[in-house]
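K.L.:
Here is what each chain is made of, one letter per residue.
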Amino acid sequence: MSRPVIGLTTYAEEARFGLNDTFAAVLPLAYVQAVHNSGGRAVLITPDTPDVDVLDGLDGILFTGGSDVDPALYGEEPHPTTHVKPERDAAEMLLMRAALEADLPTLAICRGMQLMAVVYGGRLHQHLPDVLGHDNHRPVSGPKFGIHPVELAQGSLAHAVLGDAVEVNSFHHQGVADPGKLTATGWCPEDNLIEVVEDPALRFAIGVQWHPEDTTDHRLFAALTAAARGAA
Amino acid sequence: MRPIVGITSYVEPASWGVWTEQEAVLVRRSYVDAVKAAGGRAVLLPPDDLDGDVVGALDALIIAGGADISPELYGERPGPLTVSNPERDRAEWVLLREALADGLPVLGICRGMQLLAVAHGGRLHQHLPDVVGTDKHRPAPGVYGSHGVTLSPDSLAAAVVGDGPDDDGHVEVNTYHHQAVADPGTLAVTARADDGVVEAVEDPAKPYVLGVQWHPEEAGDLRIFEALVAAARSSHGVPVPRPRMAQGGQPTTVRTGQAAPPAHERAAHRRGRAHRGTRVATGIHKTANRAGRGARGGRPPTIV
Numbered sequence: 001m002s003r004p005v006i007g008l009t010t011y012a013e014e015a016r017f018g019l020n021d022t023f024a025a026v027l028p029l030a031y032v033q034a035v036h037n038s039g040g041r042a043v044l045i046t047p048d049t050p051d052v053d054v055l056d057g058l059d060g061i062l063f064t065g066g067s068d069v070d071p072a073l074y075g076e077e078p079h080p081t082t083h084v085k086p087e088r089d090a091a092e093m094l095l096m097r098a099a100l101e102a103d104l105p106t107l108a109i110c111r112g113m114q115l116m117a118v119v120y121g122g123r124l125h126q127h128l129p130d131v132l133g134h135d136n137h138r139p140v141s142g143p144k145f146g147i148h149p150v151e152l153a154q155g156s157l158a159h160a161v162l163g164d165a166v167e168v169n170s171f172h173h174q175g176v177a178d179p180g181k182l183t184a185t186g187w188c189p190e191d192n193l194i195e196v197v198e199d200p201a202l203r204f205a206i207g208v209q210w211h212p213e214d215t216t217d218h219r220l221f222a223a224l225t226a227a228a229r230g231a232a
Numbered sequence: 001m002r003p004i005v006g007i008t009s010y011v012e013p014a015s016w017g018v019w020t021e022q023e024a025v026l027v028r029r030s031y032v033d034a035v036k037a038a039g040g041r042a043v044l045l046p047p048d049d050l051d052g053d054v055v056g057a058l059d060a061l062i063i064a065g066g067a068d069i070s071p072e073l074y075g076e077r078p079g080p081l082t083v084s085n086p087e088r089d090r091a092e093w094v095l096l097r098e099a100l101a102d103g104l105p106v107l108g109i110c111r112g113m114q115l116l117a118v119a120h121g122g123r124l125h126q127h128l129p130d131v132v133g134t135d136k137h138r139p140a141p142g143v144y145g146s147h148g149v150t151l152s153p154d155s156l157a158a159a160v161v162g163d164g165p166d167d168d169g170h171v172e173v174n175t176y177h178h179q180a181v182a183d184p185g186t187l188a189v190t191a192r193a194d195d196g197v198v199e200a201v202e203d204p205a206k207p208y209v210l211g212v213q214w215h216p217e218e219a220g221d222l223r224i225f226e227a228l229v230a231a232a233r234s235s236h237g238v239p240v241p242r243p244r245m246a247q248g249g250q251p252t253t254v255r256t257g258q259a260a261p262p263a264h265e266r267a268a269h270r271r272g273r274a275h276r277g278t279r280v281a282t283g284i285h286k287t288a289n290r291a292g293r294g295a296r297g298g299r300p301p302t303i304v
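Residue numbers (this note's numbering), protein chains in the order written: chain D, 1 to 232; chain F, 1 to 304.
The following block holds chain D by itself, in its conformation from the complex (with noise of 0.2 angstroms):
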């Protein structure tokens, strides 16, 4: 039997590879390994508007991380720390909403778990030190990641993955103020930020805030790969 196949949404940066320094469409090797680890076969898909053609070829979807949402898609203004890609903003909003409205399996990592919330009508805390007072969730100073539990509510798609509670590495500075009409399904006990929300009407369509490409868990990548196996 085939693979299904996934799509992952993609950067395209100025980057800087072997002799290389230009226009690139690129993204972090391990979350292809977590697709591939879980019996998928991973695409990778640039920004491009107008249309979402390109999903007619796809089982399953994956939106990963990245810079912040443009906050004037939740209607408010950027805080100075907010560095927004309304390329990638608008391809992935127009992805994102053709994905749901067909129904097709959905993960959402970190920058895609707030685009999740503003496709559903939410809103996301720019700055979190602001309104937390820390930064355990994108320390300034080394490690690379914060690390912090993670409290499931019973009944979720997120506690049928996942159990009672996971440990959790996170990099991000902004996060989800108000879900919209999806349901928060996770937190972390340390301050109550939401840490994963689904649409429970949906086969499989949930956003996580932290990283699991870069954990040796990739339940989550396992779970989306069964769902998209359905689809195909």
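None of these hints come from the bench; they were simulated from the model.
Just so you know, these numbers come straight off a predicted model, no measurement behind them.
Don't be surprised by glycine CBs; every beta carbon is placed ideally from N, CA and C.
Hints may be right or wrong, so weigh each one.
[As the list claims (entries may be wrong)] Away from chain F, derived, C-beta distances all over 12 angstroms, residues of chain D:
id, residue
1, R97
2, A160
3, A184
4, P200
[Said to hold, decoys possible] Capping the alpha-carbon separation at 25 angstroms, the derived lysine to any residue pairs in SDA-like fashion look like this:
id, chain 1, residue 1, chain 2, residue 2
5, D, K85, F, W19
6, D, K181, D, V131
7, F, K36, D, D51
8, D, K85, F, G17
9, F, K36, D, E14
10, D, K181, D, R97
11, F, K136, F, D168
12, D, K85, D, A72
13, D, K85, F, V11
14, F, K36, D, E87
15, F, K36, F, E226
16, F, K36, D, D21
17, D, K144, F, Q22
18, D, K144, F, E23
19, D, K144, F, P13
20, F, K36, D, T49
21, D, K85, F, Q22
22, F, K136, F, T82
23, D, K85, D, V131
24, D, K181, D, D191
25, D, K85, F, S30
26, D, K181, D, H127
27, D, K85, F, P13
28, D, K144, F, W16
29, D, K181, D, H159
30, D, K144, F, W19
31, F, K36, D, V84
With chain D fixed as given, assemble chain F onto it according to the hints.
P.N.:
Okay, now just chain F, sitting in the frame of chain D:
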């Protein structure tokens, strides 16, 4: 409905935004932009050699530039200046094999052209300055060269590049490579540089299987990409169940020879990939072993 064009990609440490020296999947954005400007929808294909099933989600394939092809694939030992990436070789071999068997339009650029030649039984010059006596095909690290090429009349290369400013099939191209095609295998050579170096190869029996040694994506020459997208629209082969294909066997593909089917039919085709006929699972691992034997006693096998 835009055709979906898969582009093979690098895995390298890269630095961008807040990230430094992060292992990443990437290609120069010029490839993506060229496909988009030509009316296609680009997706990137990270290296993966498990199977070529992803070809079922594509309408065309671009094998992008990059490292040297492993000389073992054409039965030679690596020269002192040959730097290859076996992971990419394996992955692209699997993809190329599947794409050719499925009748997908294929464009090979630089390294991609060299892989096309090797896949059709050809072999490469491992260090071109040793052969032509100059480094004009790669003047310096990170610097493109420029030289003339002459295109064969009536070839696909000539059709998509044009006759040049003087209508004589002579055009100027950008160039950045230190290896080159020594033997195109079963492909036809349809462009040569002024010094005789092979600059384009193609399969005259296919609507669009073309390799170019230069970099049209960097030159902003969209015609090659527009022709690829047009071929993806109009000549998408309809795969039929086929028996297990022996090495060197012929792919079984029915060409409709008609205009592009409606979007929903093509969608059904893509969705139906799980039900397609028996796949040729033989990867490059086995082929590489054979190539090793071939180095001692005969030519390595071809994939088409």
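K.L.:
Could you run down the list of hints and mark each one as holding or not?
P.N.:
Here is what the structure says about each hint:
1. Remark: the non-interface label on R97(D) is consistent with the geometry, its nearest Cβ contact in chain F lying 17 angstroms away (cut-off 12 angstroms).
2. Once the 12 angstroms rule is applied to beta carbons, A160(D) is consistent with being away from chain F; the minimum gap is 26 angstroms.
3. Under the 12 angstroms C-beta cut-off, the non-interface status given to A184(D) relative to chain F holds; the minimum distance is some 27 angstroms.
4. Consistency note on P200(D): stated as away from chain F, and its beta-carbon is indeed over 12 angstroms from all of that chain's, at 26 angstroms minimum.
5. Distance restraint check for K85(D) and W19(F): the Cα-Cα separation of roughly 16 angstroms lies within the 25 angstroms cut-off, and the hinted pair is therefore satisfied.
6. A threshold of 25 angstroms between alpha carbons decides the hint, and for K181(D) with V131(D) the separation of about 22 angstroms falls inside it, so the pair holds.
7. Annotation: proposed proximity of K36(F) to D51(D) holds, straight-line Cα distance about 12 angstroms (limit 25 angstroms).
8. Taken as a hint, the K85(D) and G17(F) pair is honoured in the structure, with Cα atoms around 11 angstroms apart against an allowance of 25 angstroms.
9. For the hint linking K36(F) to E14(D), the alpha-carbon distance of about 18 angstroms falls within 25 angstroms, and the restraint holds.
10. Between K181(D) and R97(D) the CA atoms are separated by roughly 14 angstroms; this keeps the pair inside 25 angstroms, and the hint holds.
11. With a C-alpha separation of about 23 angstroms, the suggested pair K136(F) and D168(F) falls inside the 25 angstroms cut-off, and the hint holds.
12. Of the supplied pair hints, the one linking K85(D) and A72(D) holds, its CA atoms being roughly 12 angstroms apart against a limit of 25 angstroms.
13. Straight-line distance between C-alpha atoms of K85(D) and V11(F) comes to about 24 angstroms, which keeps the hinted pair within the 25 angstroms bound.
14. The straight-line distance between the Cα atoms of K36(F) and E87(D) is roughly 15 angstroms, inside the 25 angstroms bound, and the hint therefore holds.
15. A hinted pair counts as satisfied when its Cα atoms are at most 25 angstroms apart, and K36(F) with E226(F) qualifies at roughly 10 angstroms.
16. About 21 angstroms separates the Cα atoms of K36(F) and D21(D), which keeps this hinted pair within 25 angstroms; it holds.
17. For a cut-off of 25 angstroms, the pair hint linking K144(D) to Q22(F) stands: about 12 angstroms separates their Cα positions.
18. As the CA atoms of K144(D) and E23(F) are separated by approximately 15 angstroms, the hinted pair is consistent with the 25 angstroms bound.
19. A distance of roughly 17 angstroms separates the Cα atoms of K144(D) and P13(F); the hinted pair therefore holds under the 25 angstroms criterion.
20. Taking the CA atoms of K36(F) and T49(D), the gap is about 10 angstroms. The hint holds against a cut of 25 angstroms.
21. Our distance criterion of 25 angstroms between C-alpha atoms is met by K85(D) and Q22(F), whose separation comes to about 20 angstroms.
22. Restraint check for K136(F) and T82(F): satisfied, since their Cα atoms lie roughly 18 angstroms apart, inside the 25 angstroms limit.
23. A hinted pair counts as satisfied when its Cα atoms are at most 25 angstroms apart, and K85(D) with V131(D) qualifies at roughly 23 angstroms.
24. Proximity of K181(D) to D191(D) is assessed by CA-CA distance (about 22 angstroms); at most 25 angstroms being required, the pair is judged to hold.
25. Restraint check for K85(D) and S30(F): satisfied, since their Cα atoms lie roughly 19 angstroms apart, inside the 25 angstroms limit.
26. Among the hinted pairs, K181(D) with H127(D) is consistent with the structure: their alpha-carbon atoms are about 22 angstroms apart, no more than 25 angstroms.
27. Of the supplied pair hints, the one linking K85(D) and P13(F) holds, its CA atoms being roughly 23 angstroms apart against a limit of 25 angstroms.
28. Of the pairs offered as hints, the one joining K144(D) and W16(F) holds, with about 16 angstroms between alpha carbons and a cut-off of 25 angstroms not exceeded.
29. Restraint check for K181(D) and H159(D): satisfied, since their Cα atoms lie roughly 19 angstroms apart, inside the 25 angstroms limit.
30. The suggested pairing of K144(D) with W19(F) holds, with an alpha-carbon distance near 11 angstroms, which does not exceed 25 angstroms.
31. Between K36(F) and V84(D) the alpha-carbon distance is near 23 angstroms, which keeps this suggested pair within the 25 angstroms criterion.
Violated hints for the displayed structure: none, as all numbered hints are satisfied.
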